[in-house]
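Undergrad: Below, each chain spelled out in residue letters.
2 protein chains.
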Amino acid sequence: MGMISLRHVNEMRPDEVRALIRKGEITGPTAGMAGGFTQANLVILKKELAFEFLLFCQRNQKPCPILDVTDPGSPVPSITAPDADIRTDFPKYRVYKRGELADEVTDISSLWEDDMVGFLIGCSFTFEQALINNGIPVRHIEEKRNVPMYQTNIPCVPAGRFQGPMVVSMRPVPEEQAVRAVQVTSRFPAVHGGPVHIGSPETIGITDITSPDFGDAVTIKKGEVPVFWACGVTPQAVAMHVKPELMITHSPGHMLVTDVRDEQFGVL
Amino acid sequence: MGMISLRHVNEMRPDEVRALIRKGEITGPTAGMAGGFTQANLVILKKELAFEFLLFCQRNQKPCPILDVTDPGSPVPSITAPDADIRTDFPKYRVYKRGELADEVTDISSLWEDDMVGFLIGCSFTFEQALINNGIPVRHIEEKRNVPMYQTNIPCVPAGRFQGPMVVSMRPVPEEQAVRAVQVTSRFPAVHGGPVHIGSPETIGITDITSPDFGDAVTIKKGEVPVFWACGVTPQAVAMHVKPELMITHSPGHMLVTDVRDEQFGVL
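Chain order of the listed sequences is A and B. 1 is the number of the first residue of the first sequence in full-length UniProt numbering; add one for each residue after it. 1 is the number of the first residue of the second sequence in full-length UniProt numbering; add one for each residue after it.
I should point out that these hints are in silico values taken from the structure, not numbers from a laboratory.
If chains are identical, the list can't say which one is meant, so a pair holds when it fits in one copy or spans any two.
Heads up, simulated SDA-like pairs for lysine to any residue below, C-alpha to C-alpha not over 20 Å straight-line: (1) 62 / 78; (2) 144 / 9; (3) 92 / 215; (4) 47 / 71; (5) 92 / 110; (6) 221 / 138; (7) 243 / 98; (8) 47 / 159; (9) 221 / 176.
Please model the complete structure; the sequences and the hints are all you need to start from.
TA: Now the structure itself:
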């Protein structure tokens with residue numbers, strides 16, 4: 001980031017961060033940028049799949065909490081960041097053709113077509129900040145790793161061609177703070193909400209907690225219980241199985257910084 | 001209802017109520033039936049409008065809280081009442097052709113087409129029960145009237161062809177209970193959630209509180225403040241303006257009794 005320090009970027013407004021991303025001056029992960037503002041995942045599909053995908057998200061709100069949907073052909077997320085452009089304002093994108101990763105780019109303007117629909121999906125950054133604000137440790141942040149994510153045996157509710165198991169993220173929580181972790185994250189249904197499972201990984205089909213399907217393993221200390229939240233990787237994984245002609249997502253960790261404050265998604 | 005007393009129906013299971021409705025033995029309003037279970041409003045549209053309407057609801061969740069969407073061509077609300085049939089299990093339907101009321105019927109099987117999509121939308125019965133359980137009076141129930149509803153100057157977020165102002169329902173609440181009314185109803189974002197306005201009707205474009213646009217006027221006593229919630233009439237009113245070739249809705253007060261308990265929609 002050259003002369004731009006992370007502390008400086010943490011204190012920037014969302015539109016300032018997006019301007020730097022758009023100019024190519026920020027190309028890395030967005031964690032910690034424009035502190036207090038919600039960041040969003042991205043799935044772009046052609047309009048012919050948009051109804052089924054929106055329906056899938058509507059039926060599976062815990063893994064797929066929709067924050068904004070662009071009008072077909074419009075790159076503007078008019079509710080969450082009306083002066084943003086989803087073609088340029090994520091630091092990095094993944095381009096999938098028929099379900100296979102075809103390219104990773106920092107700008108998708110040249111790929112944009114007028115029947116594309118962008119789905120912005122809530123991400124766990126929002127509730128992790130709430131956990132930290134409540135004195136609940138977030139291990140993968142402490143250990144500077146990616147959150148561990150696992151395929152489960154929990155089926156999503158299908159919608160048309162979209163179907164598949166839920167992916168969850170795991171955070172070890174001291175047993176005496178597990179109830180508070182449920183309360184804190186339940187306030188934020190728009191960003192995955194309360195956990196889907198507490199305790200035994202086997203119950204939800206995870207055979208080896210030390211070897212996550214995505215992300216990195218983290219330390220589970222004595223006296224800690226694994227707590228599982230529905231994960232925003234789910235809709236991408238499910239969409240990938242449909243093998244759409246073209247699908248574009250953000251690269252992991254490279255999100256859109258929206259104009260909405262995390263607390264604005266709090267229910268009470 | 002012949003030999004079926006209302007008290008008896010209040011204690012029935014949802015599937016028992018639906019069976020009586022399907023057989024034509026119940027054709028009246030469903031208020032008070034299968035107590036504790038959520039009732040749902042209905043909008044049926046052809047698939048070509050389904051994406052835009054679902055997007056409209058997604059963007060306007062307070063007036064348009066989606067509980068379930070049927071697969072195109074399927075009359076089964078698989079999430080909220082998997083053994084129900086939306087063609088027969090509402091006591092009464094309204095059929096709109098190009099935005100005009102064309103018919104009111106008790107069964108729409110003969111109108112059903114294989115590109116139809118049914119949207120079940122949360123209704124205020126759920127949060128009214130929560131208000132009553134908290135000792136907050138609900139005036140229109142006390143006065144045995146329909147809830148008063150008003151057009152406002154609050155614009156909905158448009159989606160494609162769907163746009164228009166929010167319709168709100170009003171309940172007078174004793175000033176000292178207004179905060180509790182906000183708390184109680186905020187627990188239920190799936191059924192309109194917290195109020196959209198408290199106090200002066202003029203602020204939201206209502207010029208005469210004694211003459212509602214839909215439903216009946218109710219008494220506002222000294223020391224009471226009018227509290228306004230987003231109303232499920234909004235999506236019907238908005239859809240009507242689009243003048244779809246065919247739209248079918250429930251008749252006011254004649255809802256589907258689902259298998260989901262009211263409390264299951266509570267956030268914490």
